[in-house]
Amino acid sequence: MPPRGRVILSIVLALLLAAPMLLDRYLISIFVLIFFFAYVGQAWNLMMGFAGQLSLGHALYTGLGGYVAAMLWFYFGIGPWLGVFAAVAVAAAFGAAVGWLGFRFGIEGVYFALLTIAFAEFTRIAFDNMPFTGGAGGLFLSYDAQRSHEWWNLRGGPLLFYYLGLALAATATVLIAWLARSRIGYQWLAVREDQQAAMALGINAFRVKMIAVIISAGMTAVGGVLLAFYYNNLFPAQAFDINRSIEIILAPIIGGLGTIFGPVVGAFILTPLGEVLIALTGSLGLNAPGAKAVFYGLTLMVIISLRPNGVWPWLKQLLGLAEIER
Amino acid sequence: MTLAIVGNVIIEGVLTGLVYGLMALGLSVIFGVVRVVNFAHGEFAVVAMYAAYLLFVTLGLDPILSLLPIAAAFFLIGYALQTVLINRFVGRSEHEQFILLVGLAIVIVNGLLMIFGPDARPANLPYSFDSYAIGPLFVDKARVYAAAGALVVASGLFGFFRYSATGTAIRACADNLTGAAVVGLNIKRLYAFTFGLGLACVGAAGALMVPIADASPLLSQAFTLLAFTIVIVGGLGSMAGALIGGVVIGVSEALASLFWAPSMKSMVSFALLVAVLVFRPQGLMGRRL
Numbered sequence: 000m001p002p003r004g005r006v007i008l009s010i011v012l013a014l015l016l017a018a019p020m021l022l023d024r025y026l027i028s029i030f031v032l033i034f035f036f037a038y039v040g041q042a043w044n045l046m047m048g049f050a051g052q053l054s055l056g057h058a059l060y061t062g063l064g065g066y067v068a069a070m071l072w073f074y075f076g077i078g079p080w081l082g083v084f085a086a087v088a089v090a091a092a093f094g095a096a097v098g099w100l101g102f103r104f105g106i107e108g109v110y111f112a113l114l115t116i117a118f119a120e121f122t123r124i125a126f127d128n129m130p131f132t133g134g135a136g137g138l139f140l141s142y143d144a145q146r147s148h149e150w151w152n153l154r155g156g157p158l159l160f161y162y163l164g165l166a167l168a169a170t171a172t173v174l175i176a177w178l179a180r181s182r183i184g185y186q187w188l189a190v191r192e193d194q195q196a197a198m199a200l201g202i203n204a205f206r207v208k209m210i211a212v213i214i215s216a217g218m219t220a221v222g223g224v225l226l227a228f229y230y231n232n233l234f235p236a237q238a239f240d241i242n243r244s245i246e247i248i249l250a251p252i253i254g255g256l257g258t259i260f261g262p263v264v265g266a267f268i269l270t271p272l273g274e275v276l277i278a279l280t281g282s283l284g285l286n287a288p289g290a291k292a293v294f295y296g297l298t299l300m301v302i303i304s305l306r307p308n309g310v311w312p313w314l315k316q317l318l319g320l321a322e323i324e325r
Numbered sequence: 000m001t002l003a004i005v006g007n008v009i010i011e012g013v014l015t016g017l018v019y020g021l022m023a024l025g026l027s028v029i030f031g032v033v034r035v036v037n038f039a040h041g042e043f044a045v046v047a048m049y050a051a052y053l054l055f056v057t058l059g060l061d062p063i064l065s066l067l068p069i070a071a072a073f074f075l076i077g078y079a080l081q082t083v084l085i086n087r088f089v090g091r092s093e094h095e096q097f098i099l100l101v102g103l104a105i106v107i108v109n110g111l112l113m114i115f116g117p118d119a120r121p122a123n124l125p126y127s128f129d130s131y132a133i134g135p136l137f138v139d140k141a142r143v144y145a146a147a148g149a150l151v152v153a154s155g156l157f158g159f160f161r162y163s164a165t166g167t168a169i170r171a172c173a174d175n176l177t178g179a180a181v182v183g184l185n186i187k188r189l190y191a192f193t194f195g196l197g198l199a200c201v202g203a204a205g206a207l208m209v210p211i212a213d214a215s216p217l218l219s220q221a222f223t224l225l226a227f228t229i230v231i232v233g234g235l236g237s238m239a240g241a242l243i244g245g246v247v248i249g250v251s252e253a254l255a256s257l258f259w260a261p262s263m264k265s266m267v268s269f270a271l272l273v274a275v276l277v278f279r280p281q282g283l284m285g286r287r288l
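Chains E and L are the protein sequences, given in the same order.
Using numbering that gives the first Met the number 0, you'd call the opening residue of the first sequence number 0 and step up by one each time.
Using numbering that gives the first Met the number 0, you'd call the opening residue of the second sequence number 0 and step up by one each time.
Just chain E, with the same shape it has in the complex (with noise of 0.2 Å):
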């Protein structure tokens, strides 16, 4: 990274450090999302920007992440900070699950795609059938307002949740970079530009995508966690839904597939337009969500119809940063 990329980057950490100071309620929720999307962005982008895996069932792990904390909270009073370990490991089982049926049976682009959903909406309707998991009607974790100084059990206000969402992208994005350097990332991306290449080169394709959805599934669950309890409800037509899985695709996208900083830069852009949309559609009198959607949807046309490698690599030309760098 270049002297002037480091002096931005130090200024962009240091500002959001010291932004609650200033933000009000509303603008720390905002925040929480940016972080929340910037870092699932992170998980996703690992497995499509870097070994080539598209899947459209990420709300697998998210769902998979919260409500294996959240029910172990719920049920036998663990908190998140060890339930978070087991959420990881659910999702990375599940992960690992949907990449070997994948990777195995040699189900490529689309297909593999049609398979992470099917996994996702498979499991979204058995858990809004199984009673143990609050169905469909929901599970709702209670909120204390005695409890709320148990950082360490998620029980905090939304300011708890802004520096934990800050910690999350920020050690989701330096891993990603340590892992695009190290031996295994250029090895992904041997395995993204082309397959037989690689394996002719002694590369274990099999292996080398097992490790990415492995990973990026387990980071993901973080994610879900995170938002479980801050929302404190969990609902299988959200938590698991196709719409969600959509959601977390978008940042990373607009940002820049394939890119360390994408995710979050697209997380930035897109999480702040939605809502600034919300609120202008909202003031004109239109069904704002629907309205929100709409313009979701037309961004994502466009930014994909003109700019196909995202914002970032654009962005990174304007500041000056455009170098040895992917």
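Where hints are given, some of them may not hold.
In silico SDA-like cross-links for lysine to any residue, where the CA-CA straight-line distance does not exceed 20 Å [claimed, not checked]:
#  : chain 1 : residue 1 : chain 2 : residue 2
1  : L       : Lys264    : E       : Pro130
2  : L       : Lys264    : E       : Gly136
3  : L       : Lys264    : E       : Met300
4  : L       : Lys264    : E       : Asp127
5  : L       : Lys264    : E       : Ala125
6  : L       : Lys187    : L       : Val89
7  : L       : Lys187    : E       : Ser304
8  : E       : Lys315    : E       : Leu8
9  : L       : Lys264    : E       : Gly134
10 : L       : Lys264    : E       : Ala135
Keep in mind that the hints were calculated from the coordinates and are not lab data.
Got chain E; can you put chain L on it based on the hints?
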């Protein structure tokens, strides 16, 4: 539970499945020829449902008849869409095509939500509650008409691809694109024609869906996934496969609703989808890849 009930449910599944199959046929034609994943397929089906519903409510036009103008309009929409938008995505990576069409799907669904709201719109046809009694079995009239309509449209499409010059040219594009270009076929125009045909199928299927299901924007994603499931189960590139896949899915969902719960019927299709992807990726009727 008597055998007659099971028989009724199976017949119902077959009839509904044929309409599903026609919808999936549109997807199969587009995917098989243009090689673009139309992820807005179910959304188009629901737009057609609303069109048929509006024609019925305002003009009293029976959905079985309104499928003709709707299919024609959808053909033009598809032709224009392919020419203006999708053509430039042909040959680009799958995720880019996918994102374009997901964007389109989001626009359509939410446009419908803004215009019509989330409530289901039932069309009360004069024969909605009539049925034919065949021995111990009762068969819905509406379903019989819809299924017959689907079969007629599908056979028309079979005939077109088999016997007409344009249909043969389109099959040539699907079989060997370079060869087709070498002998001087206008690929872009044929692609636009194919996309138009695919949307005409889904338009007709949407109109035929009105007698058997209430129009609602919330159906669209389920329809998209259903169409993909059917196409993959039936076998990509096989037109008969799409119809057979539709019947397989229709019957298995109907039986699942009967034996488990209606809310769990889609689980069966998704399980079937995974099983087919893993064990028979070319689908039931598909050629070995």
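Checked hints:
no., hint, in the structure
1, L:Lys264 - E:Pro130, "holds (18 Å)"
2, L:Lys264 - E:Gly136, "holds (19 Å)"
3, L:Lys264 - E:Met300, "violated (33 Å)"
4, L:Lys264 - E:Asp127, "holds (12 Å)"
5, L:Lys264 - E:Ala125, "holds (11 Å)"
6, L:Lys187 - L:Val89, "holds (10 Å)"
7, L:Lys187 - E:Ser304, "holds (18 Å)"
8, E:Lys315 - E:Leu8, "holds (12 Å)"
9, L:Lys264 - E:Gly134, "holds (16 Å)"
10, L:Lys264 - E:Ala135, "holds (15 Å)"
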